[in-house]
Amino acid sequence: MKNGYKMQDAFERLYKRSKHFTIEKMDLLFYPYLLMDFEVKYTGKLERLSEHVLVMCDMWKGQYSMARTSGEFVMTDVEENTVIPVKMDKMQVIKDAPKTVYSEIQKAKRVLNIPDIEYESDELVYKPFFIVECLNDDKEVFHILFDAVTGDFSLLNA
Amino acid sequence: MIGGGVTEYVVLIIYLIGMIGIGVYWSKHSKTSEDYLLGGRSIGSVLTALTLQTTSMSGYMFMGGPAQTYKDGYFTLWYAVGDGGGAIFNVGILGKRMRRLSYYLGCLSPIEYIEKRYPGKATRAIAAVIAICFVYGYVLAQFLSAGKTMSALLGVPLPVAIIIGAGVIVFYTFAGGYLAVAWTDFIQGIVMVCSMVMIFILAWGQVGGLTGLNEQLTAIDPTYTGMWGKDNAYLGQWGVVAGAVGVYLIGYMGLPHVVIRHMAMESPKLAKQTVVIATVWNQLFIFIPYIMGLMGIILLPELGQPGGDREMVVLMLAYKLLPGVLAAIVLVAIMSAIMSTADAQLMLMGTMLGRDVYQRYINKEASDKQLMSVSRICILVVGVVSIIIALLRPPGVFSLVVFSFSTLGSSFLPSYVGAVWWKRGNTLGCYLSMISGCVISVIWEAAGLAGPTGMHTFFMGIIVSIAAYIIGSLIGPPPTKEMQDLIDRAACKTKIPAGLATANYKDIAPETSGVLTFLKDSSYMEERGFQPV
Amino acid sequence: MIFGLEPQVFFAFLSWPVIYIIIAIIMYFVMAKHDKEEEAWEKAYDEWQASLKDGNGQPAEGGEVE
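Residue numbers (our numbering), protein chains in the order written: chain A, 41 to 198; chain W, 9 to 541; chain R, 932 to 997.
For reference, chain A alone in the conformation it holds in the complex (with noise of 0.2 Å):
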């Protein structure tokens, strides 16, 4: 995915939130998920609900969540130990994938009837992170993960 925030405006973000520490060192690390494309098919009357949808899938954890747009994507050259590599099994994955759309779209919609789910087709893709080492005051080490998609940020260990 391409990253909104360069390191230089995470710099910039963090130290916006606080001066009471300094950022010692920031690193790159991408988190792997699957994209996939699903048709969602109603028959009869409710034949206009159908519709395309987007799941992503946490390759390293297996937990799936819902994409409202494809979003922006680039190719790039990254070195390989700053990828989490993917733990699940893809073809599990996209197998099990239709229940979270189903819960998903009942949830949103509130119909009973119970759609066709077909699946398209799926991408493996990375959301770039920053891992951000910084010193406080006193001088102790804590980190800090931001988002680099969205400028979201959380502390890893405090």
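Read the hints as simulated data drawn from the structure, not as lab findings. Positions of the beta carbon are idealized from the N, C-alpha and C atoms, including for glycine. Any given hint could be a false lead.
[What the hints assert, rightly or not] Only part of the chain W face toward chain R is listed, based on derived beta-carbon distances under 8 Å: (1) 231; (2) 233; (3) 234; (4) 284; (5) 313; (6) 315.
[What the hints assert, rightly or not] Chain A is nowhere near these chain W residues, computed Cβ spacing over 12 Å in every case: (7) 129; (8) 164; (9) 208; (10) 218; (11) 307; (12) 334; (13) 385; (14) 485; (15) 540.
We have chain A already, so just place chains W and R on it with the hints.
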């Protein structure tokens, strides 16, 4: 016999029935062991402050303290100077952090707290043996005081007085648990301070205020109002002064039955109210009794004659200055002071025997209900055995109290304080400090070394114990990272600056936990030159 | 003489109640200030812990492609 009239009996009986009533009331409200042993951690600031202070102060404040000032003059107020600031140290240093850490560690007893903070096979055994032996000494001493006071005041035979006085304490502690103890302490505290203030105001008028008191004392003997005691007996003995101030200023932080009060606080935030209430209370309740001893020199000169019992100074002032019913209430106040200390220690004995001995060594799978029942039975057994010992072979009360105080304080103070203030404080330090503090105190007391060396038993014990704690902690391996993190958490100390700590991380929560496991399982951090996560 | 006592005796023994009460009041305000900071920290800590737990459970919000 000072009292002994119908009024005294009626007032005392009403009071004792009231205490039993509180026990019965709270027995119906203690549903879990946490309710019974720590009042469900729901004790508010006023109750915490009063229960902390009434527990700390035994009958000594009504009897021993004033008797000492009657003997030595102003010099005895050094003890009051230490005692008056005790709450500031106790709550300020331990209060919040100990409440948090004990909660995070899931502890119900002060011994369990020591064990979880300093994990090791022998921790609980060493701590429990020391605590049970010396808290037991305290219980015994308080039962004896209760009996002796009732006997001296009402003229009832000592065995009957011990059975009634101690029996009531055992009953309400057995029935109502911690909440009964806390609420009886609260009522006892109010009775104690009101009585004390009442007599003080009347005596104040009789001696012509502070100036009148001091002028009359100087006229009798100028050394009464000097710095160094009557006849300058302690001239230049700064070591004794430092000991007298220091013992009570910091000593309470080592007493398991006192520090358990921090664990029972409803919220760590209550510590700030507690410190103010307890300090104001201390100024009223600590300085006033000592000064009343000085007033006794003027108003009750006969007590200084051979055969005069100086310990009765407060009560005799009450009978001299107050009408019958109010004087009888003072009698109740003295009983309150004794009972409020005894019930806390008895409660602690029950907690330790149930949680630290039964659940730990006899029945690890004990259910909550079983634990509560065993604690109750232990309270009953300890109470009854103490009454029997008090009846058969009564030891000296005050020597027992001072000895128990010194040994408990020296054994536990470094471990309790270090637990929340020094992350490096470890199991070896705790072992060495508990053992050396206890052994030195026992040797010092048994060999009577306090007099010849000019070093108070507590003072010697605490110095050795602190040194042992520091040395042991520096030699032994540091606590685990998890424990150090918990100590930081209890101190609300974080590596993360406030602006970052309050950032919104929810949006990348799934990835955060994923990345964290990856970083821990892989060599990414090492290879890329990061510190381990 | 202060209240019939030598000044050093008066200050050594009888000034303490006032000093202790003043210290206790100061401590009240210092502790109240700390309480506020600690409350913010505790809240943030709990949220952080909860967010990590969410991450281990059912699919959470997020992972959206932009």
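Q. Against chain R, with CB atoms and a cut of 8 Å, does the hint on residue 315 of chain W hold up?
A. Check failed: Cβ of residue 315 of chain W comes no nearer than 30 Å to chain R, outside 8 Å.
Q. Does the CB of residue 233 of chain W sit less than 8 Å away from some CB of chain R?
A. Residue 233 of chain W check passes; min Cβ-Cβ to chain R is 6 Å, inside 8 Å.
Q. Does the claim that residue 334 of chain W lies outside the interface with chain A hold up, using a Cβ gap greater than 12 Å?
A. holds, 59 Å
Q: Using Cβ atoms only, decide whether residue 231 of chain W comes closer than 8 Å to chain R, and label the hint accordingly.
A: violated, 11 Å
Q) Would residue 540 of chain W pass as off the interface with chain A, using Cβ distances and a cut of 12 Å? A) Non-interface label on residue 540 of chain W violated, nearest chain A Cβ at 9 Å vs cutoff 12 Å.
Q: Confirm or reject the statement that residue 485 of chain W sits farther than 12 Å, beta carbon to beta carbon, from all of chain A.
A: Holds, since 20 Å exceeds 12 Å.
Q: Grab the minimum beta-carbon distance between residue 208 of chain W and chain A and tell me whether it stays above 12 Å.
A: holds, 50 Å
**Q.** Reported absence of residue 129 of chain W from the contact zone with chain A (all CB gaps over 12 Å)
**A.** holds, 31 Å
Q: Go through the hint on residue 284 of chain W and say holds or violated, using the shortest Cβ distance to chain R against 8 Å.
A: holds, 5 Å
Q: Hold the hint about residue 313 of chain W up to the distance rule: shortest CB distance to chain R must be less than 8 Å.
A: Not OK, violated: residue 313 of chain W not within 8 Å of chain R, min 25 Å.
Q. Per the stated criterion, does the least C-beta distance between residue 164 of chain W and chain A lie above 12 Å, as a non-interface residue requires?
A. holds, 63 Å
Q) Taking the closest pair, is the beta carbon of residue 307 of chain W still more than 12 Å from chain A? A) Answer for residue 307 of chain W: holds, closest chain A Cβ roughly 60 Å.
Hint compliance for this structure: hints 1, 5, 6, 15 are not met, and every other hint is.
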